[in-house]
Amino acid sequence: MPDKSTGRRVTPAPVPADEGIRDVRLRARKLLAEAEGVLRAIDPTWAPPPYDPWLIAQALGIRCIEVQQESFRGAMICVRAGAPVILYRRQKDEARTRFSLFHEIAHTLFPGFGSGPLPPGPGSPLLEPEGRLERLCDAAALEMLIPEDHFRADLSRDGFGGDRVAELCRRYHAGMEAVALRMVDSEEAPACAVALVEQDRPSRWRRRQQQPVWPPGASVPDFAISYAAYSARCREQGWFLARQLALPKTSCLRSAARSGKPAGGRESLALLSGDLHNFRIEALPLTDRPRRKGRSAVLAFCYPE
Numbered sequence: 001m002p003d004k005s006t007g008r009r010v011t012p013a014p015v016p017a018d019e020g021i022r023d024v025r026l027r028a029r030k031l032l033a034e035a036e037g038v039l040r041a042i043d044p045t046w047a048p049p050p051y052d053p054w055l056i057a058q059a060l061g062i063r064c065i066e067v068q069q070e071s072f073r074g075a076m077i078c079v080r081a082g083a084p085v086i087l088y089r090r091q092k093d094e095a096r097t098r099f100s101l102f103h104e105i106a107h108t109l110f111p112g113f114g115s116g117p118l119p120p121g122p123g124s125p126l127l128e129p130e131g132r133l134e135r136l137c138d139a140a141a142l143e144m145l146i147p148e149d150h151f152r153a154d155l156s157r158d159g160f161g162g163d164r165v166a167e168l169c170r171r172y173h174a175g176m177e178a179v180a181l182r183m184v185d186s187e188e189a190p191a192c193a194v195a196l197v198e199q200d201r202p203s204r205w206r207r208r209q210q211q212p213v214w215p216p217g218a219s220v221p222d223f224a225i226s227y228a229a230y231s232a233r234c235r236e237q238g239w240f241l242a243r244q245l246a247l248p249k250t251s252c253l254r255s256a257a258r259s260g261k262p263a264g265g266r267e268s269l270a271l272l273s274g275d276l277h278n279f280r281i282e283a284l285p286l287t288d289r290p291r292r293k294g295r296s297a298v299l300a301f302c303y304p305e
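Residue numbering for the sequence shown follows the numbering used here, starting at 1 and increasing by one per position.
Hints may contain errors.
[Unchecked claim] Below, simulated DSBU-like cross-link-like pairs (lysine-lysine); rule was C-alpha separation at most 35 Å, straight line:
id, residue 1, residue 2
1, K92, K30
2, K249, K92
3, K261, K293
4, K249, K30
5, K92, K261
6, K293, K249
7, K249, K261
If you are wondering where the hints come from, they were derived from the structure by calculation, not from laboratory data. Given the structure is predicted, the values throughout are model-derived calculations rather than measurements.
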């Protein structure tokens with residue numbers, strides 16, 4: 001990003017590590033090891049992955065009760081007769097149900113199931129406590145669903161890439177997004193970003209508001225990044241993707257969204273700095289999400305060149 005006073009390019013500062021996330025993952029591993037000890041004492045032949053959240057909860061003394069009422073969605077943990085109970089409603093996608101259960105198990109890692117103080121996020125001392133708690137529980141759930149030691153061994157043995165996602169989903173009974181986020185967070189990851197890209201057709205009012213911003217003949221962004229995660233090497237170099245994307249008609253991201261089939265290629269994407277950077281892209285349509293306006297959401301592995 002150019003410095004306005006000197007005109008020289010300034011390298012973005014590295015994003016600090018989140019000690020709260022690191023700590024909760026460590027505690028999640030200890031909790032999982034505790035459950036493993038109980039289950040192996042019962043059945044010495046038990047050899048995960050995959051890790052069954054119903055079994056893990058039972059080993060930890062947590063009851064899981066399925067709710068049939070249509071008005072109830074997702075999952076929640078509560079205390080009944082002094083014991084933790086998870087109420088949940090099954091989702092169409094079994095992987096989402098499993099992640100939700102591990103998320104609720106993760107709430108037991110916090111005093112009073114989250115009523116205690118939470119460590120602040122890096123650079124965000126005023127981050128809202130409730131949102132912070134949910135992010136910490138998501139991190140712990142991911143650690144229990146896809147434990148680091150097993151996953152690192154898989155990546156070391158068979159390599160890193162978008163073509164591994166389907167296989168790893170089957171191995172861990174996890175969703176595509178969970179596997180991709182675990183991949184990019186691994187020490188085995190190369191410089192890489194994983195982004196959820198969705199078509200973003202602005203309303204007529206938004207187009208009128210944006211019109212003065214875009215010069216005549218310029219490509220107007222019609223895709224947006226809902227979220228992005230970055231490997232350590234990517235963060236160190238400051239390769240952070242822009243929120244909105246103006247994709248050419250030949251873009252592999254556009255092709256994957258339209259066809260619902262994987263696509264790949266090399267193209268330039270906008271960075272937060274405003275610069276364009278060349279990436280090698282593996283675009284995977286999310287098959288566990290409904291298509292919207294005839295387009296699939298796309299999970300994109302972006303490797304800077």
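Checklist entry - Going back to the hint list, which numbers does this structure go against? => result As far as the earlier hints go, only 4 is violated by this structure.
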